[in-house]
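Asks: Residues per chain, in single letters:
Number of protein chains: 2
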Amino acid sequence: MAEQDRTVGIIGGMGPEATVDFMLRVIKATPAKSDQDHVRTIVDNNPHIPSRQMAMRGEGPNPGPVLAEVAVHLESMGAEFLVMPCNLAHAWQSDIEAAINIPFISIVDESVSSAISRSEEGSAVGLMTTPGCFAAGLYQKALADVNRPVITQTPDELSEAMAHVEQIKLGNKSAKVADGLRSLANKLVARGARILIAACTEFPLLLDESMFDVTFVSSTDVLAKKTVALAKSES
Amino acid sequence: MAEQDRTVGIIGGMGPEATVDFMLRVIKATPAKSDQDHVRTIVDNNPHIPSRQMAMRGEGPNPGPVLAEVAVHLESMGAEFLVMPCNLAHAWQSDIEAAINIPFISIVDESVSSAISRSEEGSAVGLMTTPGCFAAGLYQKALADVNRPVITQTPDELSEAMAHVEQIKLGNKSAKVADGLRSLANKLVARGARILIAACTEFPLLLDESMFDVTFVSSTDVLAKKTVALAKSES
Numbered sequence: 015m016a017e018q019d020r021t022v023g024i025i026g027g028m029g030p031e032a033t034v035d036f037m038l039r040v041i042k043a044t045p046a047k048s049d050q051d052h053v054r055t056i057v058d059n060n061p062h063i064p065s066r067q068m069a070m071r072g073e074g075p076n077p078g079p080v081l082a083e084v085a086v087h088l089e090s091m092g093a094e095f096l097v098m099p100c101n102l103a104h105a106w107q108s109d110i111e112a113a114i115n116i117p118f119i120s121i122v123d124e125s126v127s128s129a130i131s132r133s134e135e136g137s138a139v140g141l142m143t144t145p146g147c148f149a150a151g152l153y154q155k156a157l158a159d160v161n162r163p164v165i166t167q168t169p170d171e172l173s174e175a176m177a178h179v180e181q182i183k184l185g186n187k188s189a190k191v192a193d194g195l196r197s198l199a200n201k202l203v204a205r206g207a208r209i210l211i212a213a214c215t216e217f218p219l220l221l222d223e224s225m226f227d228v229t230f231v232s233s234t235d236v237l238a239k240k241t242v243a244l245a246k247s248e249s
Numbered sequence: 015m016a017e018q019d020r021t022v023g024i025i026g027g028m029g030p031e032a033t034v035d036f037m038l039r040v041i042k043a044t045p046a047k048s049d050q051d052h053v054r055t056i057v058d059n060n061p062h063i064p065s066r067q068m069a070m071r072g073e074g075p076n077p078g079p080v081l082a083e084v085a086v087h088l089e090s091m092g093a094e095f096l097v098m099p100c101n102l103a104h105a106w107q108s109d110i111e112a113a114i115n116i117p118f119i120s121i122v123d124e125s126v127s128s129a130i131s132r133s134e135e136g137s138a139v140g141l142m143t144t145p146g147c148f149a150a151g152l153y154q155k156a157l158a159d160v161n162r163p164v165i166t167q168t169p170d171e172l173s174e175a176m177a178h179v180e181q182i183k184l185g186n187k188s189a190k191v192a193d194g195l196r197s198l199a200n201k202l203v204a205r206g207a208r209i210l211i212a213a214c215t216e217f218p219l220l221l222d223e224s225m226f227d228v229t230f231v232s233s234t235d236v237l238a239k240k241t242v243a244l245a246k247s248e249s
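Just so you know, the sequences run in chain order U and P.
Heads up: the first sequence begins at 15 in the working numbering, then just goes up one per residue.
Heads up: the second sequence begins at 15 in the working numbering, then just goes up one per residue.
Please keep in mind that the hints were generated in silico from the structure rather than gathered at the bench.
Keep in mind that the hints are not guaranteed to be accurate.
[Stated by the list, open to error] Dumping the calculated BS3-like pairs for lysine-lysine here, alpha-carbon to alpha-carbon at most 27 Å:
#, chain 1, residue 1, chain 2, residue 2
1, P, K246, U, K187
2, P, K183, P, K47
3, U, K42, P, K187
4, P, K183, P, K42
5, P, K190, U, K183
Please take these sequences and the hints and turn them into a complete structure.
Replies: Written out as structure tokens, the structure is:
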């Protein structure tokens with residue numbers, strides 16, 4: 015890493031494999047000829063963070079305080095900005111930001127900004143997510159703020175997406191799970207979506223752009239590229 | 015993670031992709047039904063660690079002080095034991111151990127112990143490694159300590175292995191590189207090795223046991239399984 019590169023703090027473990035997938039995308043997005051050219055990432059792959067889905071359903075503890083604690087921890091270790099490869103956890107972004115003195119880069123803002131720049135003005139965005147992230151309304155608000163129509167999943171489709179995510183978290187990355195997710199995404203296309211946002215960091219473990227006829231925005235990938243750009247930027 | 019699970023500190027970045035590969039193997043080796051069942055890992059994916067190969071050739075700075083600093087850092091963050099998914103870096107294990115008050119688990123000791131338990135008494139171990147790790151003599155000493163004959167690479171074979179590792183570090187994981195590594199390993203088998211140790215954490219990014227007629231010990235995998243066992247052990 016160049017002397018002026020910024021150290022990245024990663025609030026991880028949601029889930030652990032999505033964090034590893036994010037780290038791999040950061041590595042691949044970095045122009046590097048040796049180990050020393052890479053970006054420094056400090057990662058807390060932390061299983062103590064309470065379930066975000068349960069908290070959104072009012073059935074479990076608030077993860078905000080633990081997320082804030084991890085963030086403070088990463089800042090004290092030398093992180094110069096923070097990222098969090100979990101979309102739903104951004105429902106507690108204000109708890110994190112209130113606790114730290116370094117920037118926090120939102121996966122939601124970055125994914126929406128990428129979707130806008132990669133699609134025609136006014137075209138509908140298909141929002142593929144989980145029940146908790148849907149209920150939090152993070153993407154609906156961000157897309158409304160830029161006047162973009164959004165095509166959302168039905169409650170049944172959200173439940174089906176969650177069932178697939180649970181399989182992925184159990185380590186099942188079979189073609190059946192991938193086909194199920196792809197079919198859910200294509201329902202949004204059939205209802206008019208001209209671009210898809212995969213607003214859950216488990217989805218890109220099985221889906222990629224080559225599987226779709228429309229532009230597919232992987233929130234993990236967008237955040238990874240932004241992370242490298244910020245770590246390597248000179249200002 | 016269960017309350018009594020131990021937090022793992024990972025001295026990472028050597029190379030960054032080998033660290034991520036190690037983390038993925040830790041996740042896969044963990045019996046988990048939810049994010050909360052996983053082991054907590056705190057990772058410093060640190061590109062400031064000077065080149066171990068250059069240091070072994072006497073052409074670059076000593077990485078020992080930086081490795082010790084990273085180790086102290088991880089201990090201060092709550093790590094209860096440390097691992098380092100890089101074989102050659104264990105040449106500076108004494109610098110690390112002198113700086114910390116928690117256990118450091120050696121990839122060399124664990125790999126040799128795994129090789130011994132998986133092969134017939136007295137059978138020859140093929141040591142597949144890089145020039146720096148060969149020069150450090152870590153594995154030769156550990157195998158001599160348990161009276162195991164070792165079949166080593168020639169200087170040309172070590173150089174060829176290093177050229178493949180450099181390709182992997184550049185992101186080239188082509189069949190050509192994999193075939194080159196496999197062919198090098200098979201030369202050790204042709205010279206009498208009855209079990210192979212892949213003593214470089216870049217090798218298992220391309221090689222696995224299914225490719226060989228003899229037992230293949232992935233140092234990355236052995237360390238990952240030991241890490242989970244220790245993190246989950248009750249004593």
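Asks: Take the C-alpha atoms of K190(P) and K183(U), compute the straight-line distance between them, and say whether it is at most 27 Å.
Replies: violated (33 Å)
Asks: Is the straight-line distance between the alpha-carbon of K42(U) and that of K187(P) 27 Å or less?
Replies: Between K42(U) and K187(P) the Cα gap is close to 12 Å, so the pair holds against 27 Å.
Asks: Would you mind confirming whether the straight-line C-alpha gap from K183(P) to K47(P) stays at or under 27 Å?
Replies: Since the Cα atoms of K183(P) and K47(P) sit roughly 33 Å apart, the hinted pair is violated (cutoff 27 Å).
Asks: Is the hinted pair K246(P) and K187(U) satisfied, with a Cα-Cα distance of at most 27 Å?
Replies: It holds: about 25 Å lies between the C-alpha atoms, which stays within 27 Å.
Asks: Below or equal to 27 Å on CA atoms is what counts here, so check K183(P) against K42(P).
Replies: holds (23 Å)
Consistency with the previously given hints fails for numbers 2 and 5, ordered from lowest to highest.
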